[in-house]
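Please work from the sequences and hints to get the whole structure.
Number of protein chains: 2
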Amino acid sequence: MRNLKLTIQYDGSRYCGWQKQPDFSGIQGTIEYAIYEITREKIKIEASGRTDAGVHALGQVANFKTNSTIPASRIPDALNAKLPKDISIIDCQEVSEDFHSRYSAKGKVYRYLIYNRPYRSPLYKNISYHVKYELDLERMKRESKSLLGTHDFKGFRKDGSSVRGTMRTIHDITIEENDGLIVLEVYGNGFLYNMVRIIVGTLVDMGRGKIDKSMEEIIASKDKYEAGHTAPAHGLFLKKVHY
Amino acid sequence: MRNLKLTIQYDGSRYCGWQKQPDFSGIQGTIEYAIYEITREKIKIEASGRTDAGVHALGQVANFKTNSTIPASRIPDALNAKLPKDISIIDCQEVSEDFHSRYSAKGKVYRYLIYNRPYRSPLYKNISYHVKYELDLERMKRESKSLLGTHDFKGFRKDGSSVRGTMRTIHDITIEENDGLIVLEVYGNGFLYNMVRIIVGTLVDMGRGKIDKSMEEIIASKDKYEAGHTAPAHGLFLKKVHY
Numbered sequence: 001m002r003n004l005k006l007t008i009q010y011d012g013s014r015y016c017g018w019q020k021q022p023d024f025s026g027i028q029g030t031i032e033y034a035i036y037e038i039t040r041e042k043i044k045i046e047a048s049g050r051t052d053a054g055v056h057a058l059g060q061v062a063n064f065k066t067n068s069t070i071p072a073s074r075i076p077d078a079l080n081a082k083l084p085k086d087i088s089i090i091d092c093q094e095v096s097e098d099f100h101s102r103y104s105a106k107g108k109v110y111r112y113l114i115y116n117r118p119y120r121s122p123l124y125k126n127i128s129y130h131v132k133y134e135l136d137l138e139r140m141k142r143e144s145k146s147l148l149g150t151h152d153f154k155g156f157r158k159d160g161s162s163v164r165g166t167m168r169t170i171h172d173i174t175i176e177e178n179d180g181l182i183v184l185e186v187y188g189n190g191f192l193y194n195m196v197r198i199i200v201g202t203l204v205d206m207g208r209g210k211i212d213k214s215m216e217e218i219i220a221s222k223d224k225y226e227a228g229h230t231a232p233a234h235g236l237f238l239k240k241v242h243y
Numbered sequence: 244m245r246n247l248k249l250t251i252q253y254d255g256s257r258y259c260g261w262q263k264q265p266d267f268s269g270i271q272g273t274i275e276y277a278i279y280e281i282t283r284e285k286i287k288i289e290a291s292g293r294t295d296a297g298v299h300a301l302g303q304v305a306n307f308k309t310n311s312t313i314p315a316s317r318i319p320d321a322l323n324a325k326l327p328k329d330i331s332i333i334d335c336q337e338v339s340e341d342f343h344s345r346y347s348a349k350g351k352v353y354r355y356l357i358y359n360r361p362y363r364s365p366l367y368k369n370i371s372y373h374v375k376y377e378l379d380l381e382r383m384k385r386e387s388k389s390l391l392g393t394h395d396f397k398g399f400r401k402d403g404s405s406v407r408g409t410m411r412t413i414h415d416i417t418i419e420e421n422d423g424l425i426v427l428e429v430y431g432n433g434f435l436y437n438m439v440r441i442i443v444g445t446l447v448d449m450g451r452g453k454i455d456k457s458m459e460e461i462i463a464s465k466d467k468y469e470a471g472h473t474a475p476a477h478g479l480f481l482k483k484v485h486y
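Chain order of the listed sequences is A and B.
For the first sequence, the positions run 1 to 243 when this note's numbering is used.
For the second sequence, the positions run 244 to 486 when this note's numbering is used.
Treat the hints with care, since some could be wrong.
To be verified - Covered stretches of chain A (chain B as the covering partner; in silico rule of three or more C-beta atoms under 8 Å from a C-beta of chain B):
#1 6-14
#2 80-88
#3 112-125
Everything labelled a hint here was simulated from the structure, so no lab data went into it.
Glycine is no exception: its CB is placed at the ideal position from the N, C-alpha and C atoms.
Listed below in C-alpha cells is the structure:
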C-alpha cells in the first residue's frame, strides 16, 4: 500500500476540532469522507496531533495508507474539489511506509495572534484574541526568552491532562507587533495540552501587569496556579510540523 | 449641532457595499440605524468615499451632525453594542463644523492582499485574491515604482465611469511578501473608480508574464485595454484616510 502525507490548512471556526465526535465529523471525518469520494476506500487518517475546537491550521500534517493509484501531485486538487472551503489540502507527498504523522514528528511551530486595540476588529474576529488593555510588549518579549531551552512545563498544561512526561524543549520564540496585531510564534519539540495557550495567557497577564513574577519563577514553580490564564482557542494556529 | 467623526472597520463580505441600496441597508444604513438606536435621531452619515461590495475597511471615516450629548469617547462602545460583529467603530472625535469626511480628505491609503500559493487558503479566502500562478515579484516591485508621482490615470478606471479629471498623484507604493501573502499598499491623493484594483490586476499580469509592456508605457497609453484585469473586490481594504 502507498503511504500518503497531506499538508492541510483549515479555518477551525466551524468545527468541534480535528477529532471525530459522536455527532460531528470534525475536520478528520470531513477529510476522510472526501478521500472516500475520490478513492472509494474507507480509510482512517492520522494527524500530527489533534487541534481543539476553534483552533486553525496553516500546516497540519496527516497521513493515510491507500491502494489508490492517483498520483500524489493530483490529490490536492481532487480533494479540494470535494472539501468545504474552510479546509484546503496544500500538499501531498508519497512517503515511506514507516512514516507516521504523529510519531515521526520532531517538532512543531505554533502561531498565536493577539489583536491589541481598544475596540474589536471585524477582520480579525475569528482568528485572533482581542486584548483591549495596553500591553508592555517589551516585557513580554523579554520574559518569553526564559521559555527557551529544556524545562519541566508541568505548570503549563491543562489541569487533569495526563502525559508520561512534562519535559519539553522550546527551540525558538518570537513576538512581533504591527498595526495592533501581535504575532507570537513558538517552535518546540512538542507541547503539552493547552501549553501554547497558557504561555500566551501568561505573557498577556505579564504585559498587563497582572503577574509580577518572572517567567523563570513561574516555570520553576511547576504550578498551574502561578501561570496566567489560558488564551482562547481561536487565536491559535498550528503553523508547521517538522520531521 | 456637534459634528462627529467616526473611524470604522468592516468586513465587507456580507454587504452590497457602503452605500444604501433600495432593498439593502449597506454598511452606511446599518451604522445610521445604530446611531438612531442610541440617539433617536434619523441622521445621514457621509463617508470619505463609497466602497464596493466585498471591499473591507481598516480605517474608513464618516461624519454626522447630531444634537446628542453623548461624549465622543463613549460613542464607539455604545455603537458597537448595537452593530453586527462585522462592523466596528474604532474611534470617535468631535470635529469642527466644516469638517467633511469626503471633501476634507487629502489622501487615502489602500491595502490589497494577494494569496500566492498553488492551492486555496481557507484562512484568507474572504480577504485576499488567490493567484495560483508563480509571480515575478521583483518585476512587480520595479514596475510599481512607475506609478509614483502625478499622472493621468485615465487607463486605470472602470469603463464608463465619469469624473471631472483623471490626474492623480501616488505618493507611495510598497509590495511585500511573507509566507505566500503579498501585501500591496498604495497611498495617493485620490483614486479613480476601480483604480487600485486595476493597478493590482496589471501588476499581477506583469508578474505572470502576460503583459510585456512597461507600466510607464501603459500609463502613457491612457487606454484601459492596455492595462491588466481588474483584481477582485474582496482583496481590497481602505486602510487610512488622511486629512
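Structure-based check of each hint:
Counting residues of the stretch 6-14 of chain A whose C-beta lies closer than 8 Å to any C-beta of chain B gives 3; at least three are required, and the coverage claim holds. Only when three residues or more bring their CB closer than 8 Å to a CB of chain B does the claim for the stretch 80-88 of chain A stand; here the count is 5, and the claim holds. Check result for the stretch 112-125 of chain A against chain B: holds, 8 residues qualifying (beta carbon to beta carbon below 8 Å, three or more required).
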